[in-house]
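Asks: Starting from the two chains in their separate frames, assemble the complex, guided by the hints.
Each chain, letter by letter, is given below.
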Amino acid sequence: GAGVSQSPSNKVTEKGKDVELRCDPISGHTALYWYRQRLGQGLEFLIYFQGNSAPDKSGLPSDRFSAERTGESVSTLTIQRTQQEDSAVYLCASSPRTGGQETQYFGPGTRLLVL
Amino acid sequence: GDSVTQMEGPVTLSEEAFLTINCTYTATGYPSLFWYVQYPGEGLQLLLKATKADDKGSNKGFEATYRKETTSFHLEKGSVQVSDSAVYFCALSRPEYGNKLVFGAGTILRVKS
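For the protein sequence lines, the chains are A and B, in the order given.
Counting in my numbering, the first sequence runs from 188 upward without gaps.
Counting in my numbering, the second sequence runs from 120 upward without gaps.
The following block holds chain B by itself, in its conformation from the complex (with noise of 0.2 Å):
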């Protein structure tokens, strides 16, 4: 079945450091994938997404491009803030499941001032 895997947390930056968390996926066909974000005290929010082959997408300065030939879908972030900790999971979706989500198990990220 699909599956996502990234890379283990927790993530320890210093602030203005560039972030990279790992993201890889299985899945036939041609899924959407998602980055989702959950900071503390929060709810779970979409970052941002992509839903084909060279796609990137981007928000709040995070950027993730669908790779296909590598199933990778890695988020970066040139210079990460103490107030983007929190926990970010990547997700995949198909449209023939009814676009029900399949998460990566989250990276936690904490930023030092």
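Chain A on its own, in the form it takes in the complex (with noise of 0.2 Å):
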């Protein structure tokens, strides 16, 4: 079946825009991992949903920082005012529950530049 699916796959942006980046999950996965991977270094995990529950932002760096998820389908990560700092690799996972260890299935990313 299908894998989980993100856009765009690059952006490139100036210092101070919006951007907004689009995760569709794996259809029946009720969590929802949003994690950033910065040149040369490791993945930080930044907010997940799990269901209709409130979703665990404790991972965002800043109140630039934000997502949405509408239900169990598609989510949105929106980063205000971006930073040259901001420029990573947003990857977005999906699991069927986060109850026992399911395994995490990733998108390929969204490369962020700003400029």
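Think of the hints as simulated: they come from the structure by calculation, not from any bench.
Among the clues, some could well be false.
[To be verified] Label-pair restraints from in silico Cβ distances:
| id | chain 1 | residue 1 | chain 2 | residue 2 | range |
| --- | --- | --- | --- | --- | --- |
| 1 | A | Glu272 | B | Ile227 | 21 to 31 Å |
| 2 | B | Glu135 | A | Ser240 | 45 to 55 Å |
| 3 | B | Lys187 | A | Gly203 | 47 to 57 Å |
| 4 | B | Pro129 | A | Leu302 | 25 to 35 Å |
| 5 | A | Leu226 | B | Glu135 | 27 to 37 Å |
| 6 | A | Ser253 | B | Glu134 | 44 to 54 Å |
| 7 | B | Gly128 | A | Ser192 | 37 to 47 Å |
| 8 | B | Ala136 | A | Glu201 | 42 to 52 Å |
| 9 | A | Leu226 | B | Asn178 | 44 to 54 Å |
[Unchecked claim] When the alpha-carbon atoms are kept at most 20 Å apart in a straight line, the in silico EDC-like pairs for lysine to aspartate or glutamate are as follows:
| id | chain 1 | residue 1 | chain 2 | residue 2 |
| --- | --- | --- | --- | --- |
| 10 | A | Lys204 | A | Glu272 |
| 11 | A | Lys198 | B | Glu161 |
| 12 | B | Lys171 | A | Glu289 |
| 13 | B | Lys175 | A | Glu289 |
[Stated by the list, open to error] Just so you have them, the derived chain B footprint on chain A, three or more residues with Cβ under 8 Å:
| id | segment |
| --- | --- |
| 14 | 215 to 222 |
| 15 | 262 to 274 |
All C-beta atoms in this analysis are idealised placements derived from N, C-alpha and C, irrespective of residue type, glycine included.
Replies: Okay, here's the thing in structure tokens:
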């Protein structure tokens, strides 16, 4: 079946602009995660959604970052007033649920470059 | 907080050499441990996992054993191939924290023919 998809695959923007990144999880997966991978570094957790529960936003680096999810489907990550340090690959992952040790399936990522 | 430390790369090996990539973790309780791999031009994918102490995860000839006494989860393969060239990430998660993954910095593996 279809895997996790993300769009756009690449985004170049100017400092100060807002950007919106999209994630389509695997159908039926109730848990959705966003991570960030800056050059030469490991992945950092940003936010996760589980069904209709309140999202865990503990990894968001600043109030310029926000994310939404419609039910158990699409999620968007929005970065307002982008800064150069926001340049990174943004990865989305989904899993069937968060109880137990479910595998997270990753999308191909969105590579963001802030000039 | 929880953290994962893995050996710095790049690691360069000849084909058929033995591979070890070290990984240690810091976490309270009983995390699950993972190795993810990112092949050139591809997305991140799970290589293997172990959910409790002394468990051994294995896949594609790779193995890692969950050692609670040394808080380690070292990745090994007896004979690497050029196709194993990739970036390898060690990670942990805990269900009480929604299973969000905590990753190490990644280790680049290059295998020469």
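Asks: Has the segment 215 to 222 of chain A got at least three residues whose CB is nearer than 8 Å to a CB belonging to chain B?
Replies: holds (count 3)
Asks: Honestly, do Ala136 of chain B and Glu201 of chain A meet the 42 to 52 Å range at C-beta?
Replies: At 47 Å between Cβs, range holds.
Asks: Gly128 of chain B and Ser192 of chain A, beta-carbon distance inside 37 to 47 Å?
Replies: Given a distance of about 30 Å, which is not inside 37 to 47 Å, the answer is violated.
Asks: Can you confirm whether the C-alpha distance between Lys204 of chain A and Glu272 of chain A stays at or below 20 Å?
Replies: holds, 13 Å
Asks: Quick one, are Lys175 of chain B and Glu289 of chain A close enough, alpha carbons at most 20 Å?
Replies: Within the cut-off at roughly 17 Å; holds.
Asks: Assuming the hint says 27 to 37 Å, is it satisfied by the Cβ distance from Leu226 of chain A to Glu135 of chain B or not?
Replies: About 32 Å separates the Cβ atoms of Leu226 of chain A and Glu135 of chain B, which means 27 to 37 Å holds.
Asks: Holds or violated: the 44 to 54 Å window for the beta-carbon distance between Leu226 of chain A and Asn178 of chain B?
Replies: violated, 28 Å
Asks: Note whether the CB distance of Ser253 of chain A and Glu134 of chain B lies within 44 to 54 Å or breaks it.
Replies: For Glu134 of chain B against Ser253 of chain A, whose Cβ atoms are near 47 Å apart, the range 44 to 54 Å holds.
Asks: Assess, step by step, whether the Cα of Lys198 of chain A is no farther than 20 Å from the Cα of Glu161 of chain B, and give holds or violated.
Replies: holds, 18 Å
Asks: Confirm or reject the claim that Lys187 of chain B and Gly203 of chain A have a C-beta distance inside 47 to 57 Å.
Replies: With a Cβ separation near 48 Å, Lys187 of chain B and Gly203 of chain A satisfy 47 to 57 Å, so the hint holds.
Asks: Verify this for me: three or more residues of the segment 262 to 274 of chain A with a beta carbon less than 8 Å from a beta carbon of chain B.
Replies: violated (count 0)
Asks: Should the hint that Glu272 of chain A and Ile227 of chain B are 21 to 31 Å apart at their CB atoms be regarded as holding?
Replies: Holds: the Cβ-Cβ distance is about 23 Å, inside 21 to 31 Å.
Comparing the model with each numbered hint stated earlier shows that hints 7, 9, 15 do not hold.
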